[in-house]
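Chemist: Sequence:
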Amino acid sequence: MNEANTLSGKALTEAVIAEIYPQFKKFGDFLRERQYNSASSGNIGVRRGNKMYITRRGSMKGDLFPGDIVELSMDKDDSNIVIASTEAYVHRNIMRETPALATMHCHPAHTVVLSMYYTTVMKQDYIIPIDVEGNYVLKKIPIVTLKNPTGSKEMEEEIPKAMKNYNIIVLNGHGVFSRGPNLTEAFNWITVLEEASTYIFKAIQLGLDIKSFEGRYEKW
174 MNEANTLSGK ALTEAVIAEI YPQFKKFGDF LRERQYNSAS SGNIGVRRGN KMYITRRGSM
234 KGDLFPGDIV ELSMDKDDSN IVIASTEAYV HRNIMRETPA LATMHCHPAH TVVLSMYYTT
294 VMKQDYIIPI DVEGNYVLKK IPIVTLKNPT GSKEMEEEIP KAMKNYNIIV LNGHGVFSRG
354 PNLTEAFNWI TVLEEASTYI FKAIQLGLDI KSFEGRYEKW
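Following the working numbering, the numbering of the sequence shown begins with 174 at its first residue and continues without gaps.
Simulated from the structure, these hints should not be mistaken for lab results.
In this text the structure is predicted, and so the values were computed from the model without any measurement.
Beta carbons are placed, not taken as given, at the ideal position from N, Cα and C, and that holds for glycine.
Misleading hints may appear alongside valid ones.
[Said to hold, decoys possible] Listed next, with one range per pair, are the computed distances between beta-carbon atoms:
| hint | residue 1 | residue 2 | range |
| --- | --- | --- | --- |
| 1 | Lys224 | Ile377 | 22 to 32 Å |
| 2 | Lys199 | Pro272 | 49 to 59 Å |
| 3 | Lys224 | Gln378 | 21 to 31 Å |
| 4 | Gly222 | Lys296 | 39 to 49 Å |
| 5 | Val255 | Thr357 | 27 to 37 Å |
| 6 | Asp251 | Asp298 | 19 to 29 Å |
| 7 | Gln208 | Glu327 | 47 to 57 Å |
| 8 | Asp251 | Arg207 | 26 to 36 Å |
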């Protein structure tokens, strides 16, 4: 038996493995291919009724096994919480407080760097894409700054609150959280934002005034 399967707590049903594992495997591979995470960072989660399924703590997102998926109740904790992602409570609260059926967390480099640049240099707590597609799709992305930005009670409360009106937010200096009706949409928000962040990053390198672009697409 693979080591990952021996650490997964309560066994998942064959039906759950057949439906959810291929999705987690696919998007874990996507996160690795795009270098949005280090080997074991980030989380993937989905909701099915009163159950939530999330990646196991320390799991390798680019090499996931069925045992790397942990089942949790949406209503209360059980023994599986100790092996679930350290940010399982954040994902569960997002699903409780928004219509989300899927959530994703990762660390896309350009977006993370820009969150620090915008809050320290530009003195603003949001990103507005300067490219046409990014601006049309995303419009405005909040940057959430916390005293304890990893695995904290503060995250559990503030991230879901910020996501009530946004499908994706940036946690300052840490990474992004996205939500959607499925993992495809949750992942798409991340790719659009990171592409938009790359354009902004390059514009800054070229010495362009990125603030001058912010009002160009007000009609959207």
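Chemist: Please name the hints from earlier in the document that this structure breaks, with their numbers sorted from lowest to highest.
Modeler: 1, 2, 3, 6, 7
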